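Peer 1: Using the hints, position chain Y against chain G.
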Amino acid sequence: MNLRTTIASCLMVFCGYTSHAINLASPVFENAVEEQTNSGYIKLGWSLSADAVPMANAQFELQQADNKDFINPKVIYLGEDYATFLSGLPDGDLYHRVRSVSENEFSDWSPTVVVKVRHHSLELALTLFGLGALVFAFTVGIVIQGVRRVNA
Amino acid sequence: MLILLGIIWVLLGIYWGRKAKSMDGFMLAGRNVGLAFGTATAMATWVTSNTTMLAPQFALQLGIWGMVAYSTAAFGLFLFAPLARRIKDLMPKGYTSGDFIRLRYGKAAWLVFLGISIFYGFTWLISMGMAGGILMNALAGIPYEIGMTAILLVCVLYTLFGGLYAVIGTDFIQSLIIMIGIVVVGVAVIWSIDLEQVYTNLRTEKPMLLNVLLPASIMAIFNNLLFGIGEVFHSNVWWSRAFAMRKGIGQRAYTLAGFFWLPVPIAAGFIALTSGSLGINITSPDMVGPLMAGNILGKAGAVIVFIVFFCSLASSIDSLLAATSDLIVEDILKKMIKPGASEKWMRRASAFVIVGLGILTWVVCLPRIGTLATVLFFAGPMVASTIYPIATGLFWKSASAKGALWAMVSGTLIGLIAYFQMGWYTASLIGATVSIIVTVTFAKLAPDNFDWKKMDESVAQT
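Sequence order for the protein chains is G and Y. Quick note on numbering: the first sequence equals residues 1 to 152 in the numbering used here. Quick note on numbering: the second sequence equals residues 1 to 462 in the numbering used here.
Since the hints were made in silico from the structure, they are not lab data. Note that the structure is predicted; figures quoted are calculated from it, not measured. Don't be surprised by glycine CBs; every beta carbon is placed ideally from N, CA and C. Keep in mind that a hint or two might mislead.
[Stated by the list, open to error] Derived contacts from chain Y toward chain G, CB cut-off under 10 Å, selection only:
id	residue
1	G34
2	L35
3	F75
4	R85
5	F119
6	E205
7	K206
8	I218
9	I332
Bound-form chain G, shown alone:
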């Protein structure tokens, strides 16, 4: 990536462009426009289009908001990676958008991805927990009773 970036920068200088003359490429999410999670975690990934020219020192800014107009958004990632893993999310709809950032320049925002967090119902979880406890107790019972019977 560094070599590619360096070559791209050299070509730009050679051609007489400055970094200000080129618009930063907008990243695009690799996730579906609407994602749903029942467990409170999800991986968000993004990429640049194949013909986009990567800029030196370009970073990605990922914003999250609880409304689609991004009023009072939070920057949840700023860096060079092409993905981030979110976990521990509470129930609700979380809107995400990402853009490229290089010094004082910004690309357009990507299309929005909404992550709908709908945890499994607590009733289902506790039912499975109880079932698991019962199966485990039977398993222990089979082993202990078996050992006693053999010893006897």
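Peer 2: Only chain Y this time, still in chain G's reference frame:
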């Protein structure tokens, strides 16, 4: 470091390989393994990449219950301890878990069991090959493909030369390195982070990870526990050790190994929870363990972590290669294809199978499919469905072949439906539940009256 560790393990494999003169020596280390080596090999094998890398992934995805859920896999070792004694008593000359199913339940159940066991062994191998690549990439920047190839190559070579002697011998050294390394890493992590800051970050950014009523994590607790029991109860990795240990050793060795293993996933998982407070971006959840350890501990720490992770991977890959090749050679080649095969032929076949498994694992690992959890837990319902055919088969005369067969088939199928419909954290639980109902129903309604003497093949043949 990678080359140095690789050379050490291969040389040790060649050294121990000199002891493996017979097939009993190569496959079962002469059936003479004592308490220290027995405990160490059980503990080191269970501290797999799945402990050092999946436990942090569990913590990152499922929070505090995630770590606890992972540590419940220790019950697999605790409950297998009395089984190991029973296995040794019933089958003093047995070779594989497949032998048990064949003698106890007949051919149909045996074939289904072999399918499950070999598939599971293979997914475990894949998850560890992938873990090797991910680990080297995260800690040393070595490309995934090269790291994955290197660790598979080293493990294939020393297992090839030394068989179970080399596996158990290297496991002993690896278990010592793992335990010392985890203590060093644990102390360094506690020393270098601000616990209050970690808690505040989790409370504001990832609140559900601290929530004791996080539904997915509540579901995961018994799911993982039953998956762990299923893994240990059915897998030839553990049966071969039960056969290899001296009489009277197995029960104590497995119990001790369980106690040594129990705190490891909690220690390994905890560091994943510090990622947010340290501002480290996690791009893939299965990378969180090595990535955090490397970041927190710096360059010197990264070297220690690298050695610990390498040992934890190698100690399990070698065991799996040896145990899966035993299952294929003993149960498929010897019992189905070439009965009466000479020891020399079987030894050569073992070598081919070990190399073949290594190559096949390498091919599947190359595209890096899914995360470690999704790859491994796909086999969850399959192994969980074998718990009751094995447990009741060892202790109940009434456990029947039909019950065992239908328990494995229906437990696997319904568990897989749960895997796709509800999530990987429910599949083993559902598979185990179906399996226990079917096994017990058949044992009560259409009971068998099994003669235990049939289990000792050497006596039965005489």
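Peer 1: Run every hint past the structure and note whether it holds.
Peer 2: Hint-by-hint comparison with the structure:
For G34 of chain Y, the interface hint is violated, since its Cβ never comes within 10 Å of a Cβ in chain G; the closest pair sits about 23 Å apart. Hint status for L35 of chain Y relative to chain G: violated, with the closest Cβ pair at about 20 Å, above 10 Å. The criterion of a C-beta within 10 Å of any C-beta in chain G is met by F75 of chain Y, whose closest approach is roughly 8 Å, and the hint holds. For the restraint placing R85 of chain Y at the interface with chain G, the shortest Cβ-Cβ distance is roughly 8 Å, inside the 10 Å limit, so the hint holds.
For F119 of chain Y, the interface hint is violated, the least distance from its beta-carbon to any beta-carbon of chain G being 22 Å, above 10 Å. Taking 10 Å as the C-beta contact cut-off toward chain G, the hint placing E205 of chain Y at the interface holds, the least distance being around 7 Å. Using the Cβ-Cβ criterion of 10 Å, the hint placing K206 of chain Y at the interface with chain G is satisfied: the shortest such distance is roughly 3 Å. Restraint check, I218 of chain Y versus chain G: the minimum CB separation of about 4 Å is within 10 Å; hint holds.
With its C-beta approaching chain G no nearer than about 29 Å, I332 of chain Y sits outside the 10 Å limit, and its interface hint is violated.
The structure fails hints 1, 2, 5, 9 (numbered hints given earlier, in ascending order).
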